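Visitor: Take a look at the letters that make up each chain.
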Amino acid sequence: MDERRALRGLTQHNETALAWFIERYAPYVNTIVFNIIGNAMSIKDVEEVSSDVFLVLWKNAERIRPGKVKAYLSGIARNMARDRLRQADQALPLEEDILTSSAADMEHDVEVREQARLVNQAMLNMEYPDREIFLRHYYYCQPLSQIAEEMGINLSTIKTRLRRGRGKLKDELRKGGFCDEDI
Amino acid sequence: MKISDLLDLIEDDSVPIREKDIIASERIMEVTMAKIHAENEANPFMRKKVRKSTTFVIIAAVILALSVTALAAGLFNHVARWDGTQWEETMATPMPTTAPETPSAEEPELEAMDEVLAKSQGRELVIAKCGSNAGSNERIEVLTSMNQLKELLTADRSPFTIPVCVPEGYAFSRGAVAYELAAEYSYTLKSSEMQDNGLVVERYTAPEEGDFISAYTLVFVNSTGDELVLSGRMSENSESAGFGYSDGDNVRKVDMEEMDNALVIEYPEYTALFMRKALNNSISYIFPLGMIREDDDPVNEFDGIIYRITSTTLDGEAICALLAP
Numbered sequence: 001m002d003e004r005r006a007l008r009g010l011t012q013h014n015e016t017a018l019a020w021f022i023e024r025y026a027p028y029v030n031t032i033v034f035n036i037i038g039n040a041m042s043i044k045d046v047e048e049v050s051s052d053v054f055l056v057l058w059k060n061a062e063r064i065r066p067g068k069v070k071a072y073l074s075g076i077a078r079n080m081a082r083d084r085l086r087q088a089d090q091a092l093p094l095e096e097d098i099l100t101s102s103a104a105d106m107e108h109d110v111e112v113r114e115q116a117r118l119v120n121q122a123m124l125n126m127e128y129p130d131r132e133i134f135l136r137h138y139y140y141c142q143p144l145s146q147i148a149e150e151m152g153i154n155l156s157t158i159k160t161r162l163r164r165g166r167g168k169l170k171d172e173l174r175k176g177g178f179c180d181e182d183i
Numbered sequence: 001m002k003i004s005d006l007l008d009l010i011e012d013d014s015v016p017i018r019e020k021d022i023i024a025s026e027r028i029m030e031v032t033m034a035k036i037h038a039e040n041e042a043n044p045f046m047r048k049k050v051r052k053s054t055t056f057v058i059i060a061a062v063i064l065a066l067s068v069t070a071l072a073a074g075l076f077n078h079v080a081r082w083d084g085t086q087w088e089e090t091m092a093t094p095m096p097t098t099a100p101e102t103p104s105a106e107e108p109e110l111e112a113m114d115e116v117l118a119k120s121q122g123r124e125l126v127i128a129k130c131g132s133n134a135g136s137n138e139r140i141e142v143l144t145s146m147n148q149l150k151e152l153l154t155a156d157r158s159p160f161t162i163p164v165c166v167p168e169g170y171a172f173s174r175g176a177v178a179y180e181l182a183a184e185y186s187y188t189l190k191s192s193e194m195q196d197n198g199l200v201v202e203r204y205t206a207p208e209e210g211d212f213i214s215a216y217t218l219v220f221v222n223s224t225g226d227e228l229v230l231s232g233r234m235s236e237n238s239e240s241a242g243f244g245y246s247d248g249d250n251v252r253k254v255d256m257e258e259m260d261n262a263l264v265i266e267y268p269e270y271t272a273l274f275m276r277k278a279l280n281n282s283i284s285y286i287f288p289l290g291m292i293r294e295d296d297d298p299v300n301e302f303d304g305i306i307y308r309i310t311s312t313t314l315d316g317e318a319i320c321a322l323l324a325p
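Respectively, the protein sequence lines represent chains A and B. The numbering of the first sequence is my numbering, which starts it at 1 and goes up by one. The numbering of the second sequence is my numbering, which starts it at 1 and goes up by one.
Simulated from the structure, these hints should not be mistaken for laboratory data. Among the clues, some could well be false.
[As the list claims (entries may be wrong)] Heads up, simulated BS3-like pairs for lysine-lysine below, C-alpha to C-alpha not over 25 Å straight-line:
id	chain 1	residue 1	chain 2	residue 2
1	A	Lys-170	B	Lys-277
2	B	Lys-129	A	Lys-59
3	B	Lys-190	A	Lys-70
4	A	Lys-44	A	Lys-59
5	B	Lys-190	B	Lys-253
[Claimed, not checked] Negatives, chain A to chain B, calculated, CB over 10 Å:
id	residue
6	Ala-6
7	Ala-19
8	Asn-30
9	Ala-40
10	Ser-51
11	Gln-115
12	Gln-142
13	Pro-143
14	Glu-150
These numbers were taken from a predicted model, which means no experiment stands behind them. We treat Cβ as the ideally placed atom computed from N, Cα and C, and that holds for glycine.
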């Protein structure tokens, strides 16, 4: 079975197709969810969120393009885990900056889309390994020590490159008129 | 806004993160399937490919009787299977409302889509599209009597069975049948219009000779207003169906004549008898949303019928006795 056939199977609510995706991607989804909530919650919570992620895949299979399932799952897993953390009133242990006004202040969807475009642009402007370090920390919520270990780069370099990535993102947002000037 | 919040707006799979062996895939499959079965059971008329709850809204407007089961959605923490096996699951966690593919800005458009579909009744198929979202109505015919259903089933040479008479002490209240189109036929586009709000509404007709009844519901009421609800629906995976229940609910496997499986579940608010009858030959039908994407195989197959009888006053024994007096 390939991803195209498996997706088609999902749209027909074929359980074998779902099992194919779970067999293939559950460790990936579990890892993302664990990175985000693992320190604050139990393995049972990780199991709950991960199964919710595959439930979303089951329900939305027809809107996902072949070849995009892994990225889709990563986005859903990340957001669901973060929702779970918010519900428990827990914060992510990340080195964060406040970059722009609150999303709640945004009056128009077009602003959100423009920010997404700028974020993507900033990512594209980052060189290896800055982009990967940035994503590992802010997207996959990996602690700096884990990034250093997995990428074989020392911790101080990771910190330097992360700071550089933050600067590039701020530049892009500032160009788009989104970044607060007093940062 | 924080950096990690901004990254909610993207999807990434480029980073080779080291995967952790935390939970067995089999366990994730088991928990996910339990949730799917519980949702299917809570919303038996839900079209599987319709995004949002469009179909349920429509059916619920016509057949209020289903609401008693819908109330239980999300509250179950166990799932019972036909063979009497039972799973213990934690189902209390509500589904998060945020997901990257459904930004809140689309909600008004989705509501408009639901509104159009909710107004669409009868044998006409209506598909509403809004951006990457699409939904269809359920093609239903409202029943005015049980005899009408008998006549429709006979004319349809349908494999459904219904009680030979109205249960003693009860009178017919309301009902409906739902239709699907046999796979060898196709829908014909009648009209397509774009509304001012950007919603595209397509209306299709189905050849009557290709239509077949895929579900029915009958609601009976007694002199004190208590309802007895009987429904039958064709199912694609009838043998693997599961039924949600909670701690303290009474679940038992029973034998019912002419049925392959039967379960009684006594919930706090009502009692339900679930029964399955396998179809001798599976029935293929064409799924309307298959028309939306070229690479989507629109043909699906029903392999059995699942009947359900619910009552807010009768216990399991009394419900079974109604069918085998």
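Visitor: Taking the shortest Cβ-to-Cβ distance between Ser-51(A) and chain B, state whether it exceeds 10 Å.
Guide: The assertion about Ser-51(A) is violated, with a minimum of 4 Å to chain B.
Visitor: Can the restraint linking Lys-190(B) and Lys-70(A) be considered satisfied, given a maximum Cα separation of 25 Å?
Guide: violated (39 Å)
Visitor: Over 10 Å to the closest beta carbon of chain B is the bar; see if Glu-150(A) clears it.
Guide: Given a closest Cβ separation of 5 Å, the condition is violated.
Visitor: Lys-190(B) and Lys-253(B) were given as a pair; does the straight-line alpha-carbon distance stay at or below 25 Å?
Guide: Not satisfied, since the Cα-Cα distance of roughly 48 Å exceeds 25 Å.
Visitor: Would Asn-30(A) pass as off the interface with chain B, using Cβ distances and a cut of 10 Å?
Guide: violated (5 Å)
Visitor: Can we trust that Gln-115(A) is non-interface, i.e. its beta-carbon lies farther than 10 Å from all of chain B?
Guide: Check fails; 6 Å does not lie beyond 10 Å.
Visitor: Decide, holds or violated, for the assertion that all CB atoms of chain B are farther than 10 Å from the CB of Ala-40(A).
Guide: holds (15 Å)
Visitor: Taking the closest pair, is the beta carbon of Gln-142(A) still more than 10 Å from chain B?
Guide: violated (7 Å)
Visitor: Does Lys-59(A) sit within 25 Å of Lys-129(B), going by the straight-line distance between their CA atoms?
Guide: holds (17 Å)
Visitor: Looking at Pro-143(A) again, its CB stays over 10 Å from all of chain B?
Guide: holds (13 Å)
Visitor: Would the pair Lys-44(A) and Lys-59(A) pass a check requiring their Cα atoms to be no farther apart than 25 Å?
Guide: Distance of about 23 Å is within 25 Å: holds.
Visitor: Do the alpha carbons of Lys-170(A) and Lys-277(B) lie within 25 Å of each other, as the hint requires?
Guide: Outside the cut-off at roughly 63 Å; violated.
Going through the hint list in order, the structure does not satisfy hints 1, 3, 5, 7, 8, 10, 11, 12, 14.
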